[in-house]
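Residue numbers (this note's numbering), protein chains in the order written: chain A, 181 to 340; chain B, 97 to 378.
By construction, these hints were calculated from the structure, which means they are not laboratory data. Treat the hints with caution; some may be incorrect.
[Unchecked claim] Covered stretches of chain B, as calculated for chain A (at least 3 residues, CB under 8 Å): (1) 179-189; (2) 260-267; (3) 296-306; (4) 324-338; (5) 361-368.
[As the list claims (entries may be wrong)] Heads up, simulated DSS-like pairs for lysine-lysine below, C-alpha to C-alpha not over 30 Å straight-line: (6) B:Lys346 to A:Lys186; (7) B:Lys141 to B:Lys168; (8) B:Lys145 to B:Lys156; (9) A:Lys209 to A:Lys230; (10) B:Lys318 to B:Lys142; (11) A:Lys273 to B:Lys155; (12) B:Lys159 to A:Lys230; (13) A:Lys186 to B:Lys257; (14) B:Lys153 to A:Lys186; (15) B:Lys159 to B:Lys346; (16) B:Lys189 to B:Lys261; (17) A:Lys186 to B:Lys145; (18) A:Lys209 to B:Lys173; (19) A:Lys230 to A:Lys274; (20) B:Lys153 to B:Lys173; (21) B:Lys346 to A:Lys230; (22) A:Lys274 to B:Lys189; (23) A:Lys285 to B:Lys346; (24) A:Lys335 to B:Lys153; (25) B:Lys257 to A:Lys274.
Note that beta-carbon positions come from the ideal geometry of N, C-alpha and C, so glycine has one too.
The primary structure of each chain is shown beneath.
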Amino acid sequence: MPTFVKMTRCDGCGECVDICPSDIMHIDKTIRRAYNIEPNMCWECYSCVKACPHHAIDVRGYADFTPLGSSVRVHRDEEKGVIAWRIIFRNGKKDMELLAPITTKPWGTGIPDLNSVTEPSDEMRNSNLLYNEPKYIRMDEEGLHTLETNKLVMKEGVYH
Amino acid sequence: MITTNPFAQLNAQSPDIFTPGVMQTYIVLMILFVIAGTLFDVWHKKSAKYFSMNTEKGKKNAKREVNSAERKDMMVKTVTSEVLTSSEFSNPKRRLSHLLTMYGFIIFVATTAIMIFAYPTIADGTPAILPLLWHLGALMLCGGGYWFWFAIRVDVAAEGKPWYKIAPRADMFILSLLATCTFALLWSFTSGMGIFLILFVASATFLFSTVIWSKFAHMFFKPAAAFEKRVIQADGSNEGLPGDFDLSSKEVHEKFPDIPTYMGDTPADMGPGIRREPARHY
Chain A
181 MPTFVKMTRC DGCGECVDIC PSDIMHIDKT IRRAYNIEPN MCWECYSCVK
231 ACPHHAIDVR GYADFTPLGS SVRVHRDEEK GVIAWRIIFR NGKKDMELLA
281 PITTKPWGTG IPDLNSVTEP SDEMRNSNLL YNEPKYIRMD EEGLHTLETN
331 KLVMKEGVYH
Chain B
97 MITTNPFAQL NAQSPDIFTP GVMQTYIVLM ILFVIAGTLF DVWHKKSAKY
147 FSMNTEKGKK NAKREVNSAE RKDMMVKTVT SEVLTSSEFS NPKRRLSHLL
197 TMYGFIIFVA TTAIMIFAYP TIADGTPAIL PLLWHLGALM LCGGGYWFWF
247 AIRVDVAAEG KPWYKIAPRA DMFILSLLAT CTFALLWSFT SGMGIFLILF
297 VASATFLFST VIWSKFAHMF FKPAAAFEKR VIQADGSNEG LPGDFDLSSK
347 EVHEKFPDIP TYMGDTPADM GPGIRREPAR HY
């Protein structure tokens, strides 16, 4: 189910239009406010909801996730570097807030300089290992874990 | 020239047509147009009904009650912040343009009414400050309005459309506003009746009679919406939105241990991210 815009809060700034990955948030030419032009193509990614500086956008979620009467709302605060969710159950028994960091360094800093890293060699390009493997996936100093290296045998058939 | 009352001059040039009665009747007619248009707009859009429904919903989800002293304080803050300084605009250009246009319009209309009702003839001796303010108001209105028209209007600023591409219903208000102040100034500076007077009166009549479509009603529902926003933030309902957290406080650290774990005890200001530049990639 899609996003919808509350017209009393929207000021037509276009942040949601800029950020929508499906390009379905547009500005109405006459009233100059945002609206979802293709609700059935909305995948509820919440990008526009988080981008809207006036909290004018909300999501009418699928009934199994957000049944009618419940509420899932979000506030993404860039300056503080946190995202806050508030989930209210429709039976009134739960009204919870969640807060999590979205960055630990100021925006625009900590960007890796790829020029300072050496290019992968042909041997690395042709091998089966992905970048930083096997170092970051193995739990000991030896090679990749396989059934053979762990002296395990695949038993045929279904068993309990 | 800018210290002469143009309406008194008009009366002097044509005392049989532009009597004080005629000019005052026109002002009253325009006021009636505004009242009727605004009331019809509110009824048609069901804004009052929507606001009362929203207020009821807010009261149901409120965590605490907001007393009348707090409400009065909020009303004052709404007026001094959102109304007088247009603080709802986060874009500084839009905010400045709106302030120029708003105050220009208020000064222009107020001095027009004062001059027509209190000093309609030359014999009444208009104080120089009034025509001065009238011209200043018109200039401010032109300044803010033309800036908006050529650079800030969303079609131009974000959608890359040329300034002369008009959206007829959407641009009715700003174009009639610009026409009114431009023709007012041209009429005053040409000191005559002529075409500029006709265009000034025509554009002003169009401006005030198209209130049901124009932006006028926003004068009332925007402050109401801003006041309602303060109330719901104070009573905890906040339309279901989470509150503002102080990332350095112990309570927040206890409730959300990820914050001190990954950001430290006093997280720094991270600066603007996606809002670093205005939205213009569409």
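For each hint, the structure was consulted:
no.	hint	in the structure
1	179-189	holds (count 4)
2	260-267	holds (count 3)
3	296-306	violated (count 0)
4	324-338	holds (count 4)
5	361-368	holds (count 6)
6	B:Lys346 to A:Lys186	violated, 35 Å
7	B:Lys141 to B:Lys168	holds, 28 Å
8	B:Lys145 to B:Lys156	holds, 17 Å
9	A:Lys209 to A:Lys230	holds, 23 Å
10	B:Lys318 to B:Lys142	holds, 15 Å
11	A:Lys273 to B:Lys155	holds, 17 Å
12	B:Lys159 to A:Lys230	holds, 24 Å
13	A:Lys186 to B:Lys257	holds, 26 Å
14	B:Lys153 to A:Lys186	holds, 15 Å
15	B:Lys159 to B:Lys346	holds, 22 Å
16	B:Lys189 to B:Lys261	holds, 21 Å
17	A:Lys186 to B:Lys145	holds, 15 Å
18	A:Lys209 to B:Lys173	violated, 33 Å
19	A:Lys230 to A:Lys274	holds, 23 Å
20	B:Lys153 to B:Lys173	holds, 23 Å
21	B:Lys346 to A:Lys230	holds, 26 Å
22	A:Lys274 to B:Lys189	violated, 42 Å
23	A:Lys285 to B:Lys346	holds, 21 Å
24	A:Lys335 to B:Lys153	violated, 61 Å
25	B:Lys257 to A:Lys274	violated, 48 Å
Of the numbered hints listed earlier, those contradicted by the structure are 3, 6, 18, 22, 24 and 25.
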